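Line order of the protein sequences matches chains A and B.
Numbers 1 to 533, taken from the working numbering, label the letters of the first sequence in order.
Numbers 1 to 354, taken from the working numbering, label the letters of the second sequence in order.
Calculated directly from the structure, the hints in this document are not laboratory data.
Remember, predicted model here, so these are calculated numbers, not experimental data.
One or more hints might be untrue.
Below, a sample of chain A positions facing chain B; criterion: calculated Cβ distance under 7 Å [to be verified]: (1) Arg374; (2) Gln391; (3) Gly398; (4) Leu400.
Glycine residues also receive a C-beta, built at the ideal position from the N, C-alpha and C atoms.
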Amino acid sequence: MTASAETNQSPAILMRGIDKSFGSVRANRAASLEVLRGEIHALVGENGAGKSTLMRILGGLQKLDAGTVEVNGKDVTGWTTSDAIAAGIGVVHQHFMLVPTLTVAENIVLGQEPKKGVRFDYAWAVAEVETLSKETGLVVRADQKVSELSVGEAQRVEILKTLFRGAKILVLDEPTAVLSPPEVRDLWVVLRRLRDAGGTIVLITHRLDEVIEISDVITVMRAGETVTRLETGKTTPAEIAKAMVGRDVALAARQAAGLAHAGDAGDAGDAAQHMGAHTSADAASALSVTNLVVMGSRGTREVDGVTFSIRPGEILGLAGVEGNGQTELIEALAGLRAVESGSIRIDTRDVTYDNVGQRRDAGLSHIPEDRHRRGLILDYSVADNLVLGRQREFASRGMLDGARIAANAQTQIEAFDIRPPSSSLPARSLSGGNQQKVVVAREMGREFTVLLASQPTRGVDVGAIEFIHSRIREARAAGKAILLVSAELNEVLALADRIAVMYRGRFVTVMPAADASEDVLGEYMIGSKKDAA
Amino acid sequence: MTSRFRTQLEEALFPPIIALLIALVCGDLLIMSYGQSPATVYRLLLEGTWGNAYGFGQVLYKATTLAFTGLAVSLGIRAGLFNVGAEGQLAAGGFAAAFVGLHLTSAVPWLIAIPLCMMGAAVGGGIVGAVPGYLRVKFGAHEVIVTIMLNFIVLALLNWLIANHIHVEETLHTPEIGAGAIPRLDAFMPAFHGSAANLSMVVAAITALAGWYYLFRSRRGFELRAVGLQPDAAEYGGVSVRGVWFRALTLSGAIAGLGGINYVLGYKHYYEDGLAGGAGFLGIAVALVGRNHPLGVIIAALFFATLSQGGLAIHAFVPKQMVEVLQGVVILAVAMSVPEVRRVLRLGRKPVTA
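Could you put the whole structure together from the sequences, leaning on the hints where they help?
Next comes the structure, spelled out in structure tokens:
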């Protein structure tokens with residue numbers, strides 16, 4: 001009895017000093033999480049902050065490198081998935097794990113089928129599921145095939161499945177990413193009811209309005225570390241946003257390297273000059289986008305009617321919490337994702353339905369956000385990577401011109417200081433910073449009018465960041481139009497002339513960089529403030 | 001530069017050599033289990049293949065077909081596609097070559113007849129290759145499933161055509177072609193008398209050379225390899241990934257189909273049911289052991305041809321099925337060692353930092 005009284009006071013989840021690396025990537029470093037019983041706890045952070053990894057460790061899906069995990073006061077470090085389920089932890093993944101050809105009831109009881117003799121007692125399963133459905137308010141039709149369900153319904157089935165297995169601690173990984181607003185409201189009702197019945201809920205998300213609405217306590221993660229733990233009632237969206245995307249050690253180092261905008265007087269003057277140039281009303285736009293709508297992979301409107309234009313010699317910075325449509329916008333502009341409606345023009349040419357190659361010919365350069373997936377062919381040599389996308393230019397009568405490819409490589413390696421300066425090395429063997437320089441060299445070392453620079457300095461060392469930034473500034477001075485998307489607010493603030501904030505697929509504001517600050521942008525980023533536009 | 005070349009060479013040669021050693025050990029054990037001396041059997045195997053003109057001719061003949069199917073499979077793999085349909089494509093190509101040849105009279109000069117028949121072979125195989133290409137591009141149907149199934153369909157269709165329509169009475173082959181025969185080697189070198197070796201092997205060598213040129217020197221080859229390595233990056237680079245898929249499977253089918261000339265134009269001068277005889281499937285092993293490099297494929301084709309011809313030479317001592325077991329061992333060893341060895345080599349190589 002005393003023991004149970006003791007455990008009653010211990011937190012439902014207590015994770016301390018969690019370290020987890022995948023190869024050279026450190027997903028969690030000394031991360032911690034404390035969740036009390038009967039609370040809805042929001043675990044927030046940008047993509048790659050380590051939230052999912054932490055939850056996978058909790059659910060026994062991943063072994064940890066260091067740290068301790070306690071559930072209800074019991075040390076369970078390094079347990080297995082079946083241990084976790086038995087202890088009442090239920091994880092609802094982003095991607096559903098249901099058998100489409102089975103009914104809702106069959107899916108829910110799968111693995112714990114009620115039996116009548118040797119026969120599966122389906123009628124009993126249906127009855128059980130219907131009872132559970134009524135108790136929790138998770139409305140489902142027990143005898144419907146899962147393949148006929150909407151995503152919202154499928155998610156309810158997932159939650160019921162974990163509850164059926166006796167889950168007392170429910171972990172939901174980005175549950176609203178696939179839901180429509182009314183479905184989200186229904187989900188909140190269910191989660192509150194579960195909490196009031198004594199359940200504990202951990203909600204992984206990066207949408208701050210949801211966090212404010214539903215959670216009791218918030219833990220913020222950034223770059224694998226736990227940044228802070230806040231009580232929802234005593235904090236503001238701005239504070240959370242700052243914790244999520246704000247200054248960190250790396251940024252401080254960057255400023256020490258002399259990259260703060262204030263520290264660069266020459267550039268500031270340059271920028272002012274350009275601002276003056278393009279305030280003249282009739283300056284033609286190099287890139288103009290009108291009412292652009294782009295659908296995401298899951299059939300949701302990821303870009304929902306965006307209109308903007310960029311003039312020659314201007315950098316438009318695009319800020320926003322990741323996952324608000326920036327990726328889809330860039331892909332649509334680059335020709336990698338179909339446009340649902342709206343139009344895209346480069347100079348005077350309508351490229352809305354042009355393919356990647358035609359857009360390149362129209363003067364579009366693109367530094368993609370993921371150099372390992374898109375930007376480089378890792379097994380190709382540096383020289384070959386430096387002509388990727390321009391292979392037509394470097395071929396005559398269908399045959400590649402080796403001499404010109406080599407000459408181009410030599411020029412670019414020197415101009416962009418790619419080290420080691422060997423054009424025959426596979427791109428894979430270069431460091432991250434030099435790999436990015438290869439991408440930058442290819443995209444900026446050619447004739448272009450518009451540059452899409454998506455996370456141009458992600459995962460790059462300070463020296464390369466400085467180099468890439470100065471290249472972007474030079475391109476602006478040379479009259480190029482640049483769309484800069486970055487997860488680092490400081491980068492946007494340091495480089496952009498105007499800053500747009502994207503929230504849920506829309507531009508919620510476009511302001512001159514001079515009027516912007518982290519605090520101002522933060523409010524737009526989390527959707528607590530919107531301009532009429 | 002030289003050290004890089006050496007690493008490349010090591011990476012290319014390691015798996016086949018390891019596979020060969022494993023096969024040798026297994027072979028020794030098998031031979032000894034029959035109470036024979038491995039040294040004697042291996043000596044006989046070599047004497048029966050590379051040791052005399054006839055045996056060597058047979059090796060060349062068998063290697064020719066395998067080179068075509070191996071090149072076909074390796075081209076697909078370079079584009080990230082696994083063409084398991086070389087068997088059906090080879091048969092279709094052989095049939096198409098014979099079909100064209102049957103419609104020519106001996107009055108047609110060889111300079112016209114041979115290219116016509118060869119074109120027929122390539123088109124026949126190419127059509128069979130284009131079907132999975134189209135289904136992949138249009139409906140996302142996986143090419144492995146489609147090519148496997150298509151083998152059955154094509155082989156059954158050809159069997160029906162031969163059995164019911166164009167055959168010589170009491171046989172399962174077509175009449176002899178009117179023109180388009182490719183001369184045998186013994187026409188120039190009497191020592192090769194009796195062996196099926198013919199000048200189709202020159203075509204195979206040219207195809208390998210052209211394949212190398214296409215893959216590593218042409219823009220389309222650059223795009224094809226890019227799709228095979230990283231489709232997302234290729235797409236970003238303005239390459240039509242679907243276009244490459246379709247082209248690669250069609251071209252792969254055409255090369256496998258061209259292999260049909262070895263039997264039809266160079267050896268029997270007619271199409272016979274069962275012509276492919278497993279050479280299409282063995283092409284997968286040839287491509288694997290040859291590391292999907294045209295030169296490697298030629299060497300691997302010679303290796304597998306040697307094993308298969310050598311099986312006949314050692315028949316008196318051990319069952320000839322032993323070499324089939326050895327082939328299986330080589331294939332398994334290579335299939336397993338390739339990713340392994342690669343991973344190990346990668347681990348040992350540190351990224352070069354600035």
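Quick rundown of the hints versus the structure:
1. Arg374: Arg374 (chain A) check passes; min Cβ-Cβ to chain B is 4 Å, inside 7 Å.
2. Gln391: holds (5 Å)
3. Gly398: holds (5 Å)
4. Leu400: holds (6 Å)
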